[in-house]
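One letter stands for each residue in the lines below.
Number of protein chains: 4
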Amino acid sequence: MNPKYDECLEACIECLKACNTCFDACLREDDIKMMAGCIQLDRACADACAFAIQAMTTNSPFVKEICRLCADICESCARECAKHEHEHCKKCAEACLKCAEACRMRSL
Amino acid sequence: MNPKYDECLEACIECLKACNTCFDACLREDDIKMMAGCIQLDRACADACAFAIQAMTTNSPFVKEICRLCADICESCARECAKHEHEHCKKCAEACLKCAEACRMRSL
Amino acid sequence: MNPKYDECLEACIECLKACNTCFDACLREDDIKMMAGCIQLDRACADACAFAIQAMTTNSPFVKEICRLCADICESCARECAKHEHEHCKKCAEACLKCAEACRMRSL
Amino acid sequence: MNPKYDECLEACIECLKACNTCFDACLREDDIKMMAGCIQLDRACADACAFAIQAMTTNSPFVKEICRLCADICESCARECAKHEHEHCKKCAEACLKCAEACRMRSL
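Residue numbers (our numbering), protein chains in the order written: chain A, 3 to 110; chain B, 3 to 110; chain C, 3 to 110; chain D, 3 to 110.
To be clear, the hints were calculated from the coordinates, so they are not data collected in a lab. A quick note: this is a predicted structure, and the numbers were derived from the prediction, not measured. Treat the hints with caution; some may be incorrect.
Partial pick of chain A residues on the chain C-facing surface, computed with a CB cut under 10 Å [claimed, not checked]: (1) I34; (2) K35; (3) A38; (4) Q42; (5) L43; (6) R45; (7) A46; (8) A50; (9) A52; (10) F53; (11) Q56; (12) T60; (13) N61; (14) S62; (15) P63; (16) I75.
In this text, a Cβ means the ideal position worked out from N, Cα and C, and glycines have one as well.
Input sequences plus hints: build the corresponding full structure.
Below is the structure:
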């Protein structure tokens with residue numbers, strides 16, 4: 003695997019971890035009503051990252067297209083998480099932005 | 003595919019649909035705080051069904067073990083959904099029980 | 003779920019089944035060397051359909067983008083399967099084309 | 003996440019990578035006919051690891067049961083890969099054994 007490829011794979015793994023950690027933590031928050039959008043996007047984003055991870059590691063001919071889609075979903079999840087003050091949301095927003103950037107580069 | 007096999011596959015597909023519909027509907031409920039356990043198990047159960055569907059349709063040598071695990075997760079999700087009065091929860095509980103039974107048969 | 007939505011969901015389920023059946027059957031063929039591209043695309047296409055099924059049933063805000071990607075992958079898998087005379091390949095090509103069409107409609 | 007948990011998560015990530023790399027490489031081998039069992043188990047094992055990764059990172063109540071199943075599948079894939087001399091098979095067998103051990107510990 004070339005370096006650019008590896009970087010994107012690692013960013014997707016970190017993003018999946020952050021999204022699922024945030025998903026679980028949001029479900030335990032008192033203000034869970036406010037977190038509904040975050041819970042939905044955390045799952046959508048983790049699933050997109052999981053899909054991209056499988057595509058990259060199997061050397062799928064659709065890696066670029068899948069990474070482009072993953073970048074879009076990561077950006078959307080980052081925007082939602084950035085609205086909240088919870089530490090898990092901030093960490094998730096950061097991981098999503100980093101992943102979006104790596105996926106965008108990988109999709110060119 | 004033999005009939006028993008097909009029945010289990012269809013039950014998993016219906017259960018995945020019901021769990022994901024319930025997941026999305028729970029996130030829109032006013033009493034979302036009460037639904038946190040349901041949201042978590044809906045996702046866990048839909049993912050287990052998706053895993054079982056891939057295993058059955060690829061003719062995996064681990065179909066029995068995977069269906070046994072899927073049955074356990076479906077039963078747990080059914081118990082949680084059965085606590086709530088929402089129509090989507092009742093439908094989900096019913097689909098989960100049916101899937102648990104079909105997966106239990108398939109795992110023998 | 004509206005009718006168009008349902009139709010696309012069912013087409014993805016049928017396509018996932020056909021791709022995974024073809025994947026398993028290709029691995030048992032004598033001319034497996036010729037089937038390598040088919041085996042790779044069958045898996046990629048089944049995974050794309052599984053991803054689209056989760057997105058549609060959870061009411062993801064990215065359904066259109068995911069269905070557009072799924073349509074592209076289905077078309078590619080259909081082209082590869084159409085090159086082979088095996089019954090499972092012909093059935094798979096047919097299911098992929100039907101799914102590509104339904105996903106393309108859903109993505110508009 | 004406690005250390006034991008993290009170790010199992012990392013082992014599953016490395017195993018998923020090794021299985022998918024082996025899957026792709028097997029499809030390019032001249033003696034692909036001999037690799038059919040390896041190709042099938044590589045996919046089954048990567049999917050089991052992906053399922054376990056989602057379960058661990060979402061803090062699923064079924065982590066132990068899922069890790070037990072994942073350990074069984076990893077052991078089976080390791081046995082198959084160990085039959086072959088290809089470098090990607092040897093690396094895969096090693097990653098599978100390490101993952102099986104970590105999952106077995108996590109399942110207790």
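Quick rundown of the hints versus the structure:
{"no.": "1", "hint": "I34", "in the structure": "violated (18 Å)"}
{"no.": "2", "hint": "K35", "in the structure": "violated (18 Å)"}
{"no.": "3", "hint": "A38", "in the structure": "violated (12 Å)"}
{"no.": "4", "hint": "Q42", "in the structure": "holds (8 Å)"}
{"no.": "5", "hint": "L43", "in the structure": "holds (8 Å)"}
{"no.": "6", "hint": "R45", "in the structure": "holds (7 Å)"}
{"no.": "7", "hint": "A46", "in the structure": "holds (5 Å)"}
{"no.": "8", "hint": "A50", "in the structure": "holds (8 Å)"}
{"no.": "9", "hint": "A52", "in the structure": "holds (9 Å)"}
{"no.": "10", "hint": "F53", "in the structure": "holds (5 Å)"}
{"no.": "11", "hint": "Q56", "in the structure": "holds (6 Å)"}
{"no.": "12", "hint": "T60", "in the structure": "holds (7 Å)"}
{"no.": "13", "hint": "N61", "in the structure": "holds (8 Å)"}
{"no.": "14", "hint": "S62", "in the structure": "holds (5 Å)"}
{"no.": "15", "hint": "P63", "in the structure": "holds (7 Å)"}
{"no.": "16", "hint": "I75", "in the structure": "holds (6 Å)"}
In the structure shown, a violation is registered for the earlier hints numbered 1, 2 and 3, in ascending order.
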